[in-house]
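**Q** Residue numbers (our numbering), protein chains in the order written: chain A, 23 to 467; chain B, 299 to 541.
Calculated from the structure, these hints are not laboratory results. Please note that the accuracy of each hint is not assured.
Calculated cross-link-like contacts (lysine to aspartate or glutamate; reagent style EDC-like; alpha-carbon spacing at most 16 Å) [claimed, not checked]:
#1 A:176 x A:38
#2 B:300 x B:488
#3 A:197 x A:251
#4 A:25 x A:36
#5 A:238 x A:214
#6 A:357 x A:406
#7 B:482 x A:38
#8 A:357 x A:221
#9 A:25 x B:509
#10 A:197 x A:240
#11 A:345 x A:221
#12 B:482 x A:43
#13 A:345 x A:218
#14 A:176 x B:509
#15 A:51 x B:318
Here are a few chain A residues that face chain B, going by a calculated C-beta distance under 7 Å [what the hints assert, rightly or not]:
#16 35
#17 85
#18 111
#19 112
#20 116
Computed footprint of chain A on chain B; a stretch qualifies when at least three of its residues, placed anywhere within it, have a C-beta under 8 Å from a C-beta of chain A [as the list claims (entries may be wrong)]:
#21 363-373
#22 431-445
What you are looking at is a predicted structure, and each value in this text was computed from that prediction instead of being measured. For glycine and all other residues, C-beta sits at the position ideal for the given N, C-alpha and C.
These are the residues of each chain, in order.
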Amino acid sequence: MRKISDWGNYPVIEADVSGFDTTEQLRQKLDQPGEVIAFGNGRSYGDSSLQDRILLTRRFNKFISFDETSGELCCQAGVLMSEILDVFMSRGWFLPVTPGTKFITIGGAIASDIHGKNHHVDGSFGQHVLSMDVMRNDGSVVTCSPTENSDFFKITIGGMGLSGIILNARFRLRKIETAYIREETQRAASLDEIMDAFEEPNTWNYSVAWIDCLAKGDSLGRSIMMRGEHASTAELVNPSHKHAPLTLKKGISLEIPFRFPDFALNHGTMKAFNFTYYNKCRPGIHQNLVNCNSFFYPLDTIANWNQIYGKRGFTQYQFVIPKAAGREGMRKILKRITDSGLGSFLAVLKLFGEQDSFMSFPMAGYTLALDFPISFKAMELFKELDAMVADYGGRLYLSKDSRMTAEFFEKTYPNADAFRQAIALLNKGDTKFASLQSNRIGITS
Amino acid sequence: MKNLLILGATSDMAQAVAKEYASAGWNLTLAARNLELLEPIASDLRVRANVNIVPLQFNAENFSSHQHFYNALENAPDAVICVFGYMGDQIEARTNFEEVRKTIDVNYTGMISILNIVANDFETRGHGAIVAVSSVAGDRGRQSNYMYGSAKAGLTAYLAGLRNRLAKAGVHVMTVKPGFCRTKMTENMELPGALTAEPEQVAQAIFKGLEKKRNTIYTLWMWRWIMLIIRHIPEFVFKKMGM
Numbered sequence: 023m024r025k026i027s028d029w030g031n032y033p034v035i036e037a038d039v040s041g042f043d044t045t046e047q048l049r050q051k052l053d054q055p056g057e058v059i060a061f062g063n064g065r066s067y068g069d070s071s072l073q074d075r076i077l078l079t080r081r082f083n084k085f086i087s088f089d090e091t092s093g094e095l096c097c098q099a100g101v102l103m104s105e106i107l108d109v110f111m112s113r114g115w116f117l118p119v120t121p122g123t124k125f126i127t128i129g130g131a132i133a134s135d136i137h138g139k140n141h142h143v144d145g146s147f148g149q150h151v152l153s154m155d156v157m158r159n160d161g162s163v164v165t166c167s168p169t170e171n172s173d174f175f176k177i178t179i180g181g182m183g184l185s186g187i188i189l190n191a192r193f194r195l196r197k198i199e200t201a202y203i204r205e206e207t208q209r210a211a212s213l214d215e216i217m218d219a220f221e222e223p224n225t226w227n228y229s230v231a232w233i234d235c236l237a238k239g240d241s242l243g244r245s246i247m248m249r250g251e252h253a254s255t256a257e258l259v260n261p262s263h264k265h266a267p268l269t270l271k272k273g274i275s276l277e278i279p280f281r282f283p284d285f286a287l288n289h290g291t292m293k294a295f296n297f298t299y300y301n302k303c304r305p306g307i308h309q310n311l312v313n314c315n316s317f318f319y320p321l322d323t324i325a326n327w328n329q330i331y332g333k334r335g336f337t338q339y340q341f342v343i344p345k346a347a348g349r350e351g352m353r354k355i356l357k358r359i360t361d362s363g364l365g366s367f368l369a370v371l372k373l374f375g376e377q378d379s380f381m382s383f384p385m386a387g388y389t390l391a392l393d394f395p396i397s398f399k400a401m402e403l404f405k406e407l408d409a410m411v412a413d414y415g416g417r418l419y420l421s422k423d424s425r426m427t428a429e430f431f432e433k434t435y436p437n438a439d440a441f442r443q444a445i446a447l448l449n450k451g452d453t454k455f456a457s458l459q460s461n462r463i464g465i466t467s
Numbered sequence: 299m300k301n302l303l304i305l306g307a308t309s310d311m312a313q314a315v316a317k318e319y320a321s322a323g324w325n326l327t328l329a330a331r332n333l334e335l336l337e338p339i340a341s342d343l344r345v346r347a348n349v350n351i352v353p354l355q356f357n358a359e360n361f362s363s364h365q366h367f368y369n370a371l372e373n374a375p376d377a378v379i380c381v382f383g384y385m386g387d388q389i390e391a392r393t394n395f396e397e398v399r400k401t402i403d404v405n406y407t408g409m410i411s412i413l414n415i416v417a418n419d420f421e422t423r424g425h426g427a428i429v430a431v432s433s434v435a436g437d438r439g440r441q442s443n444y445m446y447g448s449a450k451a452g453l454t455a456y457l458a459g460l461r462n463r464l465a466k467a468g469v470h471v472m473t474v475k476p477g478f479c480r481t482k483m484t485e486n487m488e489l490p491g492a493l494t495a496e497p498e499q500v501a502q503a504i505f506k507g508l509e510k511k512r513n514t515i516y517t518l519w520m521w522r523w524i525m526l527i528i529r530h531i532p533e534f535v536f537k538k539m540g541m
């Protein structure tokens, strides 16, 4: 038994934790009684990979094959996106979809059906999976794809690990000429301005905005839009970049030396940060060439940034509301958040594209993600926000959640009931895969 | 291109070492008891790097097979890294001599059996590097793991002697003493974060240590000092401590 938690350090639980090297070892572990859930690299925020018995997938992390012409990679589910980049970026390949950290496993990326800054163009990660092998509760292995065992495939993508343990997956990497991004940043003084920026016709592959969720009144929703495109070799200017376009210098890596005291992040320090961050970007459009890591993974430089929230832990409230409800809905919700003064400095706004999948979080609309230190006040605020999100036809991201209710889940995920029934049908009365979250929101048990 | 032989290649540490050397362009011969576990590791390395990877079966406890194993290697190694080991059950070992025998056979006798063969070859060729993973447990016997610790202590002494002997022949011997390491043996334990190395850190320490021809490395620097203190606690105090 040992203490374990996900990225938000909330909740922290005591669990029996073990990993596996082979499918046979995994099968033996599944043979033991009791519910289990897979745990990748612990980068979901709440309790979606926590359970009394936890199966670590990180050791199941072998590359199986790679086709240098098509970019098709087959790897075990415990492989980290960072490992893929370490090996393949210098050969001219990048991930088809990546979230704001590269320290997630491929199994986790599929189970959470993660999205990235290119969702409006390329959809979620699950849409790039060509096929995968999944071990069921009885130890059998199902090979599934959009055409083979397609129903099982559908509920495994974004299925939060409840259909089985993902063993390996095949997907295509994206060809790149350089390890750099042509980035354009632009300041938006208000919510309307930033939404206009998202909605104006454009061809950018990547777009995301940092939003100041403490600014009030006329400044409500002031943001910085960041858009990017993989740079071509011709676009590189620095001679050392031109010389080795696909090789990045080893960046600095920092570590938070100790867990910050709970009071370190308070309204004052966060407001100061937000003010500085916003004003650092001068009005107008700025173009830069930045390296992939700083564009996609700014926070990965600090190995354990989650420690700044102290012992109490934190959660990320990430919701999406349909585009039609966007302006009015986002204004009201954001106003409620800024009025509370509880939000922190890591708030991100993005316009998703269309998404056609069974359980995945994204939908065509606006998503806002922001971190909150855990507190009674924050929990009370979430209840109010939940009501607004539900009213506008939106929902919360399961992989960030540690507190939504079964009722709320039911109301906001249109396939909640069908998903529960499908999982029950697969289990044949013997629930094997369940997380604290899936039990809490009533998918299992 | 240089050839590296890794003995005990399925352990977490060995896998990390293999990745480190493969990405530096070394050809690898991976040897371990269980070929089935070795195959996916070999395929993984082939995807990672354009180097030659040969998986082979090797059993540390089968001493009489070692000479033949070494003679049959396709690629004469430029360096050998021994990572195999057996932790054993200390309590079980008090009453079950088979557990003791296995602990000694793998950690001490097995190591020496194969390393003698390697040493003689390297000495004749006047070339090569030998790395073996010992343990901080060998620095002082403690009640919680002195069976394992005493075998590792023997190994540490052997390596010191071997280093002394082979220095003249231009063959370097490096002793590696990892402290806590996050591996499959410790995955269900809470380890003190600051004192616990990831297998990748151990691998990097080995790679860099060998480049600099270090003699003994503790894979996290503080372990050298921790063990220095533990070694110098007077026996009359030490025997009353519950370590």
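**Q** So which of those numbered hints doesn't the model satisfy?
**A** 1, 2, 8, 9, 10, 14, 15, 16, 18, 19, 20, 21, 22
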